[in-house]
Amino acid sequence: MSGDVRAPEQLEIDRLLGDSDWADPIRRKPGDAVLTVSTEGWEGPLDLLLALARTQKVDLREISILALVEQYLRFIEEAVELRLELAADYLVMAAWLAYLKSGLLLPREAQPDPSPEELALRLHLRLQRLEAMREAGARLMARDRIGRDVFLRPAPEGLHRPKSIVWQASLFDLIQAYGHVKARTAPRIHIVARRPVMTLEEAIERVSRLIGMKLDWADLRSFLPEHADPQLKRSALASSFVAALELAKQGRVEIRQEATFAPLYLKAAGQ
Amino acid sequence: MTLSMSERLVEAVLFAAEGPLTAQEIARHAAIEEGVLPHLKALADHYSGRGIELVERGGRWHFQTAPDLSYILRREREEPRKLSRAAVETLAIIAYHEPVSRAEIEAIRGVQVAKGTLDVLMEAGWVRPAGRREVPGRPLIYATTADFLAHFGLASRRDLPGIEDLRAAGLLDPIDLAMESMEVRTLFDTDEADEGDGEEEL
Amino acid sequence: MTLSMSERLVEAVLFAAEGPLTAQEIARHAAIEEGVLPHLKALADHYSGRGIELVERGGRWHFQTAPDLSYILRREREEPRKLSRAAVETLAIIAYHEPVSRAEIEAIRGVQVAKGTLDVLMEAGWVRPAGRREVPGRPLIYATTADFLAHFGLASRRDLPGIEDLRAAGLLDPIDLAMESMEVRTLFDTDEADEGDGEEEL
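Chains as they are written, first to last, in the working numbering: chain A, 1 to 271; chain B, 272 to 473; chain C, 474 to 675.
Careful, some of the hints might be misleading.
Unchecked claim - Not close to chain B: a few residues of chain C, all C-beta gaps over 10 angstroms, as computed:
| id | residue |
| --- | --- |
| 1 | VAL486 |
| 2 | HIS502 |
| 3 | GLY508 |
| 4 | ALA651 |
Stated by the list, open to error - Straight line, CA to CA, 30 angstroms or less: simulated BS3-like cross-link-like pairs of lysine-lysine:
| id | chain 1 | residue 1 | chain 2 | residue 2 |
| --- | --- | --- | --- | --- |
| 5 | C | LYS588 | B | LYS353 |
| 6 | A | LYS214 | A | LYS233 |
| 7 | A | LYS214 | A | LYS267 |
| 8 | A | LYS267 | A | LYS249 |
| 9 | B | LYS312 | C | LYS588 |
| 10 | C | LYS514 | A | LYS57 |
| 11 | A | LYS267 | A | LYS101 |
| 12 | B | LYS353 | C | LYS555 |
| 13 | B | LYS353 | B | LYS386 |
| 14 | C | LYS514 | A | LYS233 |
| 15 | A | LYS249 | A | LYS101 |
None of these hints come from the bench; they were simulated from the model.
It should be emphasised that the depicted structure is a prediction, and the values quoted were computed from it without experimental measurement.
Every residue gets a Cβ at the ideal spot worked out from N, C-alpha and C, and that includes glycine.
Based on the provided sequences and hints, a complete structural model is requested.
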């Protein structure tokens, strides 16, 4: 787990970040083939954050949360630039981290509740716990395991038993059997496991289409689908926010915000 | 007695072997260049008079229980028997829905339950008759026993994973359905309502 | 070394047994009235440094080959199927925190427990449902089994690598508890859900 052996995904991060602040990066040459950056290498945002934290090459207890937040936001930004489809939870985490970052940078008296230090500490503790379990798992797998390192007699004779017939079945057999019965006889309802998500592409398409129909500054929230369920709304908000940033960067929209945390207003550029 | 590395390897190879091995096979498995016969003889001496002995039969070597202690071994007819799939399913349904009648078990399984299946479960001491249902025909109803809980390591029936837990653990995935459909079985009119009732009781 | 009749019996029982046995089971099979623990200890001593060793795992005893011979014995054998990263982490979380609910596993990993992960661990015989947590919703809780200890060569859960250090560092406590003990003012008495707040503020 530790040491200098660099996981492929870590090399990917180096490549992606292309910056010497964190670790000896592998610089991307201009004209390189398309980068293969995806979030599939990670099991969710926390996993990605932990991988990023490791690139700081210090004890996890000493990592800089602010630097980590910046790393994550840059990763997401790069991924967005590369027009990669990001799962909603990565964007939600990005939004939360952006909030945390602004909190950490605010003067002390203006800090909201709960304090950003507390939120940062929570994130820190979560990363420590995940890392601890990851290491524990690795150490567990490295033990002298039956069938790999130590061996039993393959075909013991078996012992005389007090009862003449002993029936064998385990709890797993039992609950598995019940699962089978239920799966076999229950009415088939196919539930699409995929959560309702608005992809970045969809959001860009939607925001750029709607922006043309708005004459004046319009709240970002007015671009969201009205009758969507709460899950899709969360995803749509996050995606539309990133879409707005992307469109602003392309010079197609203007963004205005009255104050920190005030509503975001969008307008088609040049109107 | 301190064993040499070669003797230790010969001992371990014989212990973990699927069956009797020739000296050549032992040497190969233990990656020993020199002859293993002296090691085998030393080990056989060492084990003499113990609970286990090392013996040679037709040029092959193996460990066995000392002959005077063989009475502790299982006799052939005592093979522990694995419950049939039908029996495990029936037991599971009784455990989740008890008390249930045979007709109710069949409705839930969607397959007929042979009389012998319930007999096996009762013989194993896991299922008992628990009175009669006060409906026309007064069918016998069945429930699980304290032995059942003990055998499966459950404090109570409420500790059985619920449907949601099974789903989350992947145990409701119809993986084996292809296999199932190949089984010849009698389909009953499954009354889904029955199932619902049972679940509520858990 | 000359063994007593009782020691011979204990040795033979363990040799012929199909799985690890508790001291009680050994006494019953060997028909020994007195305690077998002294015999087990004598045998374990006798086998130490040999090709085979007698070990105690979770209160049950079994013979296995000596771990230092693995490099020879492992040749020609197939590696057991590798666990996925998700399964390894889930197993570690259950082992170090047991008993633990699915939601608690998810809180630590930051992702949902995929279908099939718990299934695989239960099928391997390493994890079992261990009752329900007496909180609203009565979630099922999971724990490890004696087979888990045997497979990973642990005499007891106290032998889990680094568990004392992790406990001392508070890394096995829930985050809320850790926050409190750090005497940080906790305004939100909720758990991980706090994080969701951020995004509403956009």
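Going down the list of hints, with the structure as the test:
Distance check for VAL486 of chain C against chain B: the nearest CB is about 6 angstroms away, which does not clear 10 angstroms, and the non-interface claim fails. A Cβ of chain B approaches the Cβ of HIS502 of chain C within 10 angstroms, the least distance being about 6 angstroms, so the stated non-interface status is violated. The Cβ of GLY508 of chain C sits about 18 angstroms from the closest Cβ of chain B, beyond the 10 angstroms cut-off, so the non-interface label holds. For ALA651 of chain C, the requirement that its beta carbon stay farther than 10 angstroms from each beta carbon of chain B is met, with the minimum near 27 angstroms.
Proximity of LYS588 of chain C to LYS353 of chain B is assessed by CA-CA distance (about 27 angstroms); at most 30 angstroms being required, the pair is judged to hold. Simply put, LYS214 of chain A and LYS233 of chain A have alpha-carbon atoms about 21 angstroms apart, close enough for the 30 angstroms limit, and the pair holds. At roughly 7 angstroms between alpha-carbon atoms, LYS214 of chain A and LYS267 of chain A fall within 30 angstroms of each other, so this suggested pair holds. This hinted pair checks out: LYS267 of chain A and LYS249 of chain A have alpha carbons roughly 13 angstroms apart, not beyond 30 angstroms.
At roughly 54 angstroms between alpha-carbon atoms, LYS312 of chain B and LYS588 of chain C are farther apart than 30 angstroms, so this suggested pair is violated. For a cut-off of 30 angstroms, the pair hint linking LYS514 of chain C to LYS57 of chain A is broken: about 47 angstroms separates their Cα positions. About 26 angstroms separates the Cα atoms of LYS267 of chain A and LYS101 of chain A, which keeps this hinted pair within 30 angstroms; it holds. Under the criterion of a C-alpha separation no larger than 30 angstroms, the hint pairing LYS353 of chain B with LYS555 of chain C is consistent with the structure, at around 28 angstroms.
A distance of roughly 18 angstroms separates the Cα atoms of LYS353 of chain B and LYS386 of chain B; the hinted pair therefore holds under the 30 angstroms criterion. Distance check on the hinted pair: LYS514 of chain C and LYS233 of chain A sit about 65 angstroms apart at the alpha-carbon level, beyond 30 angstroms; violated. For the suggested pair LYS249 of chain A and LYS101 of chain A, the alpha carbons sit about 21 angstroms apart, so the restraint of at most 30 angstroms is met.
Hints 1, 2, 9, 10, 14 from the earlier list are contradicted by this structure; the remaining hints agree with it.
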